[in-house]
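Listed below, chain by chain, are the residues.
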Amino acid sequence: MSNVNANLNMKTNVNKSKEEPTVGAKSIFVDANRKQIATRRRIDWLLRLLFLVATSIGVLALMALLIDIVSNGIARVQPELFNNFPSRRASEAGMKSAIVGSLYMLAIMAPLSFLLGVGAAIYLEEYAKKNRLTRIIQLNISTLAGVPSIVYGILGLTLFVRELHLGRSLLSGAFTMTLLVLPIIIVSAQEAIRAVPKARRDASFALGATKWQTVSRSVLPSSISGILTGVILAMSRAIGETAPLVMIGALTFVAFLPNGPMDSFTVMPIQIYNWVSRPQASFQELAAAGIIVLLVTLLIMNFSAILLRNKYNKHI
Amino acid sequence: MQTTMTSLIEINKLNLYYGSFHALKNVSMRIPEKAITAFIGPSGCGKSTLLRTLNRMNDMIPGTRIEGEISISGTDIYSGSVDVETLRKKVGMVFQQPNPFPKSIYDNIAYGPRLHGIRDRKTLDEIVETSLRSAVLWEEVKDYLKRSAFSLSGGQQQRLCIARALAVNPDILLMDEATSALDPISTLKIEELVQELKNRYTIVMVTHNMHQAARVSNQTVFFLNGEVVEYDETEKLFSNPSDQRTEDYISGRFG
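Protein chains in written order, with my numbering: chain A, 1 to 316; chain B, 1 to 255.
It is possible that part of the hints are untrue.
Unchecked claim - Within a straight-line C-alpha distance of at most 27 Å, the following computed BS3-like cross-link-like pairs (lysine-lysine) qualify:
| no. | chain 1 | residue 1 | chain 2 | residue 2 |
| --- | --- | --- | --- | --- |
| 1 | A | Lys198 | B | Lys236 |
| 2 | B | Lys103 | A | Lys211 |
| 3 | B | Lys34 | B | Lys198 |
| 4 | A | Lys35 | A | Lys129 |
| 5 | B | Lys198 | B | Lys236 |
| 6 | A | Lys198 | B | Lys90 |
| 7 | B | Lys146 | A | Lys198 |
| 8 | B | Lys122 | B | Lys90 |
| 9 | B | Lys122 | B | Lys142 |
| 10 | B | Lys103 | B | Lys146 |
| 11 | B | Lys146 | A | Lys311 |
| 12 | B | Lys13 | B | Lys34 |
| 13 | A | Lys211 | B | Lys189 |
| 14 | B | Lys198 | B | Lys90 |
| 15 | B | Lys103 | B | Lys90 |
| 16 | B | Lys25 | B | Lys236 |
| 17 | A | Lys311 | B | Lys103 |
| 18 | A | Lys198 | A | Lys211 |
| 19 | B | Lys146 | B | Lys189 |
| 20 | B | Lys142 | B | Lys103 |
By construction, these hints were calculated from the structure, which means they are not laboratory data.
Values in this document were obtained by computation on a predicted structure and should not be read as measured data.
Work the whole structure out from these sequences, hints included.
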C-alpha cells in the first residue's frame, strides 16, 4: 500500500516540476530584486576603484621617487663619477672605488654561490632520499631565505672577519654575501630542476645512463636557463645590499682600488649611503647620481634574467 | 609450448611489493627470443610493473621490494654482479608518451652511444643513420638532422624514440603502451615497424588495446590483479582461451 502511495507522490512531483520551468523562466527577469542588483553593482564599482587606487599609489610613489632622483642626479652622471675616487670636495668626488668594489665582489660571489647553490640543489632534488632529514633541511633553507640580511652581517663578522682572520676584506664581504644569497639560489635552482619532466630522466636512465650522466646531460641542459635566472636575480639582490657589509666593516671612504681579495673595500650602496648622510646639497646630487648608476645596473641584470627566462620557456 | 623457439627471458616466481601493496604475485613465464610478446589486462593489473622489472626501472621507485628471479640469457639480472647501466643498454625501452630530449634529432639518437663512450664523429654518423633507418624514419628526417626533435609529429617522435633505443644496440626492446598517445595512422606505422624489428630484437609490449595485441604479437600474457591468468600463443589465447576470466576480458565483459 505505502509503496503505491510513494509512487503516486513521485508522479505528482514529476508533474509539478515539469510545469515550473515555464513559470520560472518568466519570473527570472520580472521578479528580480532590482534594489539588490543595484547594491551589488555599486559594491563592485567601489572595490574596483579601491584596487585602482591601491595600484596607483604604488606606481605613483615609485614614479615620484624616480623623477626626483633623475632630476637631482642626472647632471652628475658624468665621466668623473666613474673615474674619480671619493673626495671631501663634492665637485671632484666620484665612485670609482665603489663600482670596482661591487664588481670585484660580484666576481668572487657569482661563481662561488653558483657552484655551492646549484650543487646543493642538485643534491636535494636528485640524490637525497626523500626522508625526514631532507624535509628538515628543506624547511631550513626556505626559512634562511627570509632571514634579515643584518643577521648574515653578524655571522660574517664573527665567522670570517674574526674567527677565520680574514679581516675587513673584500673576501669577507664576498663570503658573507654568498651566504646571504645561497638560500635564494638553492630554492630557485631546485624549482628549475624540478620542472624538468620525469619522462626526460626516464629516457636517459633507460638508455643506460648513470645518475650523474642523466643530471649533466639531460636535467641540467633543460634547467640551466631557469637556474641562471635565479642566480642573476640573487646577484642583483646582493649588489643592492648594504647592511651586512656595513656590519663586517666595509669602509665608507675608500680612495684606492682594492689590489687583491684581502684589501679593504667599499661598494656602491655604501658609497651612496655615505653621500646621502652629508648635509651639502652637492653631495645629495652625487648620491642621486650614484642611485641612478645602481638602478641601471639592477635593470640590466633583471632584464637579462627576463631574456633568459623567455629563452627557457621557448625550449619547453 | 614454444618448442621451436629458445626463451631469452625467464621469470621465476616473481613477487613485487610497493610498500605493503602486493603488485605482482608469483609470476613465472618464459619469453621467447626474436618474437613479440604482449602483456594485456585492465589498468593496475601489474603489466607495466612487470615490464619495468625487466630493465630495473622499478629500482628508482622508493619502497619497491622484489622476490624471485628474472634471468636474461641465463644471468639473474637482480644479482649483485649485474651492472644496471649495462642491463639497460641491453634492454631498451620506449615509453607511453614520446619523450625526446629537447635536442636535435641527431643528438637525440647520439645520446645513448655518447653515454657509452662513443665520441668519433664518423661512428656516430653511422649509428644515427642505421638507427633512423631501422625505425623507418630516415627518409623523412635525413635532411633535417639538426632540427629540434620537437619539430616532429607525435608519431615521428615516437619512432625517433624507438630509433634512440636501438642506437645503443639492445637485444630486447620494451614498449610500454607505446602507441596509446598516437593517432590510428601513426599507430599503424609503429605496428608495422614492430613487425619488422622482431626479426632482430626480442620485443615485449604492454598494451591497453587488445586488438593491437591480437594484430601484432606472437605470444600474449593476460594479467589480472597482479597475477598471470593465462599465457599462450596469441592466436590460441584470443580464439580459444582456457580460462573463463580471459574469455570475459577479451570479449569485453570487463576492463
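Q: Go through the numbered hints given earlier and state which of them the structure violates, listing their numbers in rising order.
A: 1, 4, 13
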